[in-house]
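Protein chains in written order, with the working numbering: chain A, 1 to 334; chain B, 1 to 255.
Treat each hint with caution, since some may be false.
The calculated lysine-lysine pairs, modelled on DSBU-like cross-linking and capped at a C-alpha distance of 30 Å, are [as the list claims (entries may be wrong)]: (1) K132/B with K199/B; (2) K68/B with K321/A; (3) K172/A with K216/B; (4) K7/A with K35/A; (5) K48/A with K35/A; (6) K270/A with K253/A; (7) K216/B with K68/B; (8) K135/B with K220/B; (9) K7/A with K120/A; (10) K68/B with K190/A; (11) K132/B with K172/A; (12) K199/B with K68/B.
Chain B is nowhere near these chain A residues, computed Cβ spacing over 12 Å in every case [what the hints assert, rightly or not]: (13) A220; (14) G306; (15) A319.
Hint data in this document are derived by calculation from the structure and do not stem from the laboratory.
We put the beta carbon where it would ideally sit given N, CA and C, even for glycine.
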Amino acid sequence: MYAQMVKTEAKRVRSLDEMEPQERAFQERIDAGQKIEPKEWMPEDYRKTLIRQISQHAHSEIVGQLPEGNWITRAPTLERKAILLAKVQDEAGHGLYLYCAAETLGISRDQMYEQLHSGKAKYSSIFNYPTLSWADIGAIGWLVDGAAIMNQVPLQRCSYGPYARAMVRICKEESFHQRQGFDIMTVLCKGTPEQKAMAQDALDRWWWPSLMMFGPSDDASVHSAQSMAWNIKQDSNDELRQKFVDQTVPQAKFLGLTVPDPALAWNEAKGGHDFGEPDWTEFFAVIAGEGPCNRERLEARRKAWGDGAWFRDGLTAHASKQAARRQAAKLAAE
Amino acid sequence: MSALGLSPAIAEFALRMGDSCLILGHRNSEWCGHAPALEEDIALANTALDLIGQTQLWLELACEAEGKGRTSDQLAFLRDVSGYRNLLLVEQPNGDFGRTVMRQYLFDAWHLPLLKALMNSTDKRIAAIAEKAAKEVAYHLERSADLVVRLGDGTAESHARMQAAVDFLWPYTGEMFLADALDEELVASGLAPEPGSHKAAWQEHVTRTFADATLKAPEKSFAQKGGRRGVHSEHLGFILAEMQFLQRAYPGARW
C-alpha cells in the first residue's frame, strides 16, 4: 500500500441525518456507488483527504524509482536490464497520472513536490529500505508490488473518478511487475547456492517491511472509518495484511524459501495463516525519518529538483519568447 | 560471407553499433529518478530502453556473424575495455542535464542518417535492424533537437550551460566520420556506407539546430579518436566495472 495512515479531519463518522442537504446528497451518491468528478461539489475534508492520499501514492512512485534505479546499471543481463528499465519507467508514469489526478482537486504538482521536499508529505515507508543485492529487485517486485496490488485493485472502484481511472491502468502494469519480480526470485532459487542464499537474504530483509506497508491495525481508527464511508478505502489494514500473507506464503514455499516468522502457521479454523506482529516501533521510526535510507532518498529528490531548476526555467523562458514572437508576427501581419 | 552468415567484418561492425547503443543506454539510465522533471525521467528511461533493445539486436547479429557460440550477454558482460567498440562520445560522463541532452543530440543526429543508409545494406539482417531502430531514433532526434533549441534559446544560464556542453563534447564528434580498413571492406561489399558519407546530413542538422538554439559550434577543434579500435577514455572501465559486476562476481550463474 503506497498510502499509509492517511488522516482525515473527522472526529467521528456522521450519519446521513446529521448532514446538511448538499453533503447528504453527496454521501448518498457515494453510497449508491456513483463516481464523483472534479467539477462537482464535495466536502472540503473529502478533497483534502484525497489530496493527501493521492499525493502520498504519487510520491511513493517517484521515490520508489530510487531503490530500483540503483540496480539498473548493474542488472545481470541485457534482458533483465530492459525489463527493469521498463518497470521504473512505468512507475514514473504512475507518478505522473497520480499527480494529474491530484491536480484535479486544486493543488499543483509543484506544490506537492514542495510538500515532499519539506517533509510535510509522506511516501511509503518501504522505500526507505536499501536494495543491497540483485535479489532485492526480485523481492521488491514480488512482495512490494504484490502488497501494493492488494490495496490498489479495490481502489479501481473508489468514489473519485480520476483516481479510480488512474488505478485501472496502474493495476495492469503492477501485476506485470509482480510477475517479473517473482520470475527473478524463481531463477535465483533454481540457481547456484549463492544465488539461493541471496534470495533468502532478500526475503529475510523485505518480509517485515512489506507487512508494515499496510500500516498498523486501523480497526479503531476514525480516519479509516471516514475514508471507508467515502469509498476511498475499502478494506481494513489487517484484512489486507491477512490477504497478502495468505497469498504470499504458498509462493515462498514454491520457491523453497523460509518466511522469517516463527509464529507463522496455518489456522484451519479461520482458513488463513496466523502470523507474528511486525515491529511497529521500527515502522514509526521509519515514518518519522529514521529509516536506513530516509535521508538519502529525500536528499536525492531535493537535489534532482534543485539541480534541475535552470532546466525548467530555460524551458519556461523559451516558451515565453516563442509566444512573444508569435504575437509580434501576428501584429506585423495585420 | 559464408553460407552460414559468418563474417568477421559484419561481426565487428555489429559490435561498433551495439556497443555505442549499450554505453549510451547505460549513461542515460544513470539518471533514473534524478532528472530535472518527471517527464524527463520517463523520456530518458524510454530512450535507454530503446537503446538497450537495439543493443540486443546488434550484439545477437555479432554473435551470429562471429560464429563462436557466444551470446549477446557474454559480449556485453564479459568483454573488457579493449574489446569494446563504442564511440568515445557516448562514454563521457553525464555532467549536468544539459551535457546529457547535448550528447544525446550529437549522437542522434549521426545515428539516424546512418541507420537510414543501413536500411539499404546488402545484408538483410543489418537492413532489418536498421529499419526497426530508425523508427525509434527518429523520435529520439526529434526530442533531443527540440530540447537543444529550447534550452539554448532559454535563459542566459541555460544558454551558457548548453554552449559549455557543445564546447566540451565537440572533440568527440570527429570520430563518427572517420573511416578505417574495416569501413573500406564494408563499403566495398555494400554492407554499410562510408562513414564520411553522412557527415553532410549531420552537419546540416546541427547547423540548423544550433542556429535556432543560438549556439555556436567551436571554430577550431580536434578529434578524439580510438573507440572503434578499443582505445577508450578512462571512463569506460568504470562503466564496465559497474555493469559487469554480477556476471564477474558469480561466473557462469544464470539470471
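Status of the hints after comparison with the structure:
A hinted pair counts as satisfied when its Cα atoms are at most 30 Å apart, and K132/B with K199/B qualifies at roughly 22 Å. Pair hint K68/B plus K321/A does not hold up; C-alpha atoms about 58 Å apart against a cutoff of 30 Å. The hinted pair formed by K172/A and K216/B fails the criterion: a straight-line CA distance of about 47 Å is larger than 30 Å. Distance hint between K7/A and K35/A is fulfilled; the C-alpha atoms sit about 22 Å from each other, no more than 30 Å.
Only pairs whose Cα atoms come within 30 Å are accepted, and K48/A paired with K35/A is accepted, the gap being roughly 17 Å. At most 30 Å may separate the alpha-carbon atoms for a hinted pair to count; K270/A and K253/A meet this at roughly 20 Å. The hinted pair formed by K216/B and K68/B fails the criterion: a straight-line CA distance of about 47 Å is larger than 30 Å. Annotation: proposed proximity of K135/B to K220/B is violated, straight-line Cα distance about 34 Å (limit 30 Å).
Distance check on the hinted pair: K7/A and K120/A sit about 13 Å apart at the alpha-carbon level, within 30 Å; holds. Between K68/B and K190/A the alpha-carbon distance is near 28 Å, which keeps this suggested pair within the 30 Å criterion. Of the supplied pair hints, the one linking K132/B and K172/A holds, its CA atoms being roughly 27 Å apart against a limit of 30 Å. Restraint check for K199/B and K68/B: the C-alpha separation of about 34 Å exceeds 30 Å, so the hint is violated.
Residue-level check passed: A220/A sits 37 Å from the nearest beta carbon of chain B, beyond 12 Å. Under the 12 Å C-beta cut-off, the non-interface status given to G306/A relative to chain B is violated; the minimum distance is some 9 Å. Taking the minimum C-beta to C-beta distance to chain B, about 8 Å, the non-interface status of A319/A is violated against the 12 Å cut.
Hint compliance for this structure: hints 2, 3, 7, 8, 12, 14, 15 are not met, and every other hint is.
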